[in-house]
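Trainee: So you can see what is in the structure, the chains are spelled out below.
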Amino acid sequence: MSERTIAAISTPKGEGGISVIRISGGDAISIAERCFRSVSGRKLSSLEGYRAAFGKAVRPDGSHIDEAVALVFRAPKSYTGEDVVEISVHGGVIPARECLAAVFAAGAHSAGAGEFTKRAFLNGKMDLAEAESVMEIISAKNAAALRLANGAKEGRIGKDIERITEKLLFTASSLAAYSDFPDEDIEGLDKESFSAMIDESEAAVKKLISTFDSGQAVLLGVQTVIVGKPNVGKSTLMNMLSGNERSIVTKHAGTTRDIVETQVNIGDITLILSDTAGIRETDNEIESIGVDRAVKRVDTSALVLAVFDTSKPFDGEDMRIIDLIKGKNCIAVLNKCDLPKAADCSALRGLDTVAVSAKLGEGIETLCKEIEKVCGAASLSADDTVLLNERQYSCAVRAQNAIINAKEAFDSGVTLDAVTVLIDDAINALLELSGKRATDEVAEEIFKNFCIGK
Amino acid sequence: MIKKYDAGEYDVAVIGGGHAGIEAALSAARLDCKTVMFTISLDWVGNMPCNPSIGGTAKGHLVRELDALGGEMGKAADANTLQSRMLNRGKGPAVYSLRAQIDRRAYSGYMKNVVEKQKGLDVKQAEIVSLEKEGGLWALTTRLGACFKAKCVIIATGTFLGGRVYIGEVNYESGPDGNFPATKLSQCLKQMGLPLRRFKTGTPARVARDSIDFSVLEVQEGDEITEPFSYQTKKPIENKVVCHIGYTNEKTKEIILKNLDRSPLYAGVIEGVGPRYCPSIEDKIVRFADKKRHQMFIEPCGENTDEMYLQGMSSSLPEEVQLAFYRTMKGLENVKVMRNAYAIEYDCVDPTALYPTLELKSFPGLFGAGQFNGSSGYEEAAAQGLVAGINAARKVKDKSPVILSRTGSYIGTLIDDLVTKGCMDPYRMMTSRSEYRLLLRQDNADERLMPTGHEIGLIDDETYAEMIRDVKLKEKEIARVKSVFLPPSEALGELLQSLGTVPTDTGANLADLIKRPQISYKDLAPFDKTRPVLSDRVCEKVEIEIKYEGYIDRQLKQVEEMKRLESKKIPEDIDYGSIHGLRLEAREKLGKIRPDSVGRAGRISGVSPADIAVLLVYLSGIKGEDK
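Chains as they are written, first to last, in the working numbering: chain L, 1 to 454; chain G, 1001 to 1627.
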């Protein structure tokens, strides 16, 4: 199959400094040659690997498209392990598109989503777990996400999983030996050592699962909503955190009527921050729709920043908000701490509180630390293993359930042949997690999330 | 040069009259093939050169499966049982395994008579010395020059092929039990290009009954309630003998270790690889050095003989050393050895050269079965013999081959392991070889395989109808049990408490109670007013299927997953050399074995899960391009 040479634009669609057209396959160099004329007159086929040539991208009829640089990689020393040429043209939609059309006309086929990485995988450049983490590296939103994804690419998860599965495999084989050799007076696996092994495995899987939320917070960002009654300084806080005038701030209550979103990097995590309409009873139809949306957004967010103005005593509307955020992952932001305190904060008991002055920028650092703590990111160290995505998470949960069931079954006296079925299930789920037990779904799942061009 | 003469033509010729040869010859003949079976000695048809027993862990499963497919071993064992026990009773239904002590001479006589009486089967005492293809047929020549022609040939030569016996420093060409070996055929097969190799196995001494002091040994009785192997055996199985248990001690160990250099294995004289899971006593002492003692079972060889078999004590040490270490054991202080222990080395084929039909990939019409294929054990041999016989017959009749699946039987697992994974030492069946133990139970072998046996034509209509009737009764009873509610009562509470489980205040569903590990289906009979009278066989299945329902369902899901990979076919013309993501070893192994599915590819040793991932993605690419 790798006989087919494929091509795609590998840089993001839209305007930018440069765009790169990547061509990979046995004919990559000869195809590129038909679409590129070097200034020096040297042919691309005469270049060694890792060499670049300056010239112009041309259509099949020889007409000029754009100035370009062609970079040649020779198999197997390339991303895909095949011959690769990357042609860089000026950024912007048209030059790249024209150049790609020329490359297709010269004989390349359109690359499918993730096909370059798939070829890299097929050519032994990376294993399934690495391929999966490439996706996360591309979409890393901040430095910490990149670190975690790179950790995964180095196979850290695999090593963790291996330790757990080895334990479970040993347990399963002890159970099997016990039945297989009735004549060899082999001691039955005693209750204590079985329980110990199961407990250890369960704890390890549990730890892995516990990393998922904080890992996701780092990798995907945390859906965060700012709520509060009108005019407590929500938009000021939003602008403060994002460092620009994303929300319009006036002294008039009800200025923000719909949800305003922005992305903010705080330490190791990215907040997908939503500013909402101040929550209050209102007759204004548009404003009341905004209020409803704000209330709903509280339900769907992973983190709530509830803003209170402590320069005034709490009123019924403040209390309504305290009700609304009950049981949520929440930080109470006590704003306007630069003014004399008039509110009785006892109603906030049990909540994490941070006093700030959004206007003056006071207390913002403390707030950021608190946000990291609440999202679990603060507890993630540089070399922690985290579950990268839903696929891995669901495997881990399946393993955990099977282990718990095995333990219960064993404790209640179910015979060992049945207990083994559960342990096998746990082992299978873990191997699937680490890509060690390849099912066709896993293989497909991993590559389907890629974009075209990678 | 001997003068050859034309001795006739057959559909199927079987070389060997052991457990594999018998099943192969019987099944081929029963499937209307004109069949001939050759044996080096007619007095040793169906001989048991090692244990006088049939069954045991996982092997009992094989016998039941063989029986469900129309094999003979189960019936012959039932007819000649001296003692019967269900092993692993406390360890769960997946590993219950029937094992019977057998009167070995009676068994051999019985089997000889079965093959003699079989319509369409000729039995001949002869040594086959050569095999060659002649005009589309196989030509088999005997030592005396008789030349037989056959469409299909099944090689079931056991330990006779190139057999060599080792006792201490002494070794000589020999078959088992003092028979002469088949020496010429090996050379012929090698010249043809069959990948032959050397394996070895061993057997303990047979000792005189009256030289053992049984008064100091543990007695092992048979089961009070016995079960036959065969679905068709109606006569109850009687226990006629007891076995005894003894142990080695420090002194035994000392003598063995002191004489280790006189063992041909440790001296490096034997090149053949011995069975890992059936080691000699010197092996056990070396490998499990910290173990204080090893168990020994003393088993009678028959009703009309004083020979006693010392299970667990096989050895290839010199005769005098054997005698010395046997005599260190309690009860054996004055033991008299009648036949010494020995190791035997023999030629066999690398089973990865076989299709799952047991036909050799490079030699159409030539099949292998039993020890020749690298297995060990009577039951393993018989199972392969049956499959080879069926497939040879179907080839003759131009019918599609029968391949038993891994998810459906131990026999399928055995053959898949052999032809896909290959084996580095004589392959012994174990329950842990199957991923699906809870489904492949010995109690449901009839349900699993009798439909196949019936369809092939080895199970008669009447037996099949009886099995179907039983299945219906079982299903009806399970449905009934699930619908019965037992109200709370003092008596029920007492029973539950006495069984060590919590009583119920509100009453309980009958099935839910049976699911509790402490309670059996029979325990609740007094409270179950509408219970019908059912055979023990049906009751056992009802209990197991209710009790283990959740686990069985889970395993069924595992089977589904496995079947998906099994159904992912690999194109025959795939070029593994061009898939660079495969590791070199995987490329070589896949290229050699050429598995038909991704599932099978994954079981090849040397092919890692990462290689399978590469293969899956590669195959999905091929599919994508077809669109």
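Don't take every hint at face value.
Once the Cα atoms are required to be at most 25 Å apart in a straight line, the calculated SDA-like pairs of lysine to any residue come out as [as the list claims (entries may be wrong)]:
(1) L:Lys191 x G:Pro1517
(2) L:Lys407 x G:Glu1545
(3) G:Lys1421 x L:Glu166
(4) L:Lys191 x G:Tyr1464
(5) G:Lys1421 x L:Leu169
(6) L:Lys191 x G:Ser1498
Quick list of simulated restraints, FRET-style, between CB atoms [claimed, not checked]:
(7) L:Gln263 x G:Lys1569: 14 to 22 Å
(8) L:Asp190 x G:Leu1260: 27 to 35 Å
(9) G:Asn1509 x L:Asp315: 33 to 41 Å
Per the computed footprint, the stretches of chain G lying under chain L, defined by three or more beta-carbons under 8 Å from a beta-carbon of chain L, are [said to hold, decoys possible]:
(10) 1407-1414
(11) 1578-1588
Worth flagging that the hints you see were computed from the coordinates, not collected in a lab.
In this text the structure is predicted, and so the values were computed from the model without any measurement.
For each residue, glycine too, the CB sits at the ideal point set by N, CA and C.
Trainee: All the hints need checking, so say for each whether the structure fits it.
Mentor: Results for each hint:
1. L:Lys191 x G:Pro1517: Holds. Lys191 (chain L) to Pro1517 (chain G) sits at ~16 Å (cutoff 25 Å).
2. L:Lys407 x G:Glu1545: holds, 21 Å
3. G:Lys1421 x L:Glu166: The hint holds at about 22 Å.
4. L:Lys191 x G:Tyr1464: Violated - the C-alpha atoms of Tyr1464 (chain G) and Lys191 (chain L) are around 44 Å apart, more than 25 Å.
5. G:Lys1421 x L:Leu169: holds, 20 Å
6. L:Lys191 x G:Ser1498: holds, 23 Å
7. L:Gln263 x G:Lys1569: 14 to 22 Å: violated, 47 Å
8. L:Asp190 x G:Leu1260: 27 to 35 Å: Holds, at about 33 Å.
9. G:Asn1509 x L:Asp315: 33 to 41 Å: violated, 57 Å
10. 1407-1414: violated (count 0)
11. 1578-1588: holds (count 6)
When the structure is compared with the earlier hints, violations turn up for hints 4, 7, 9 and 10 and for no others.
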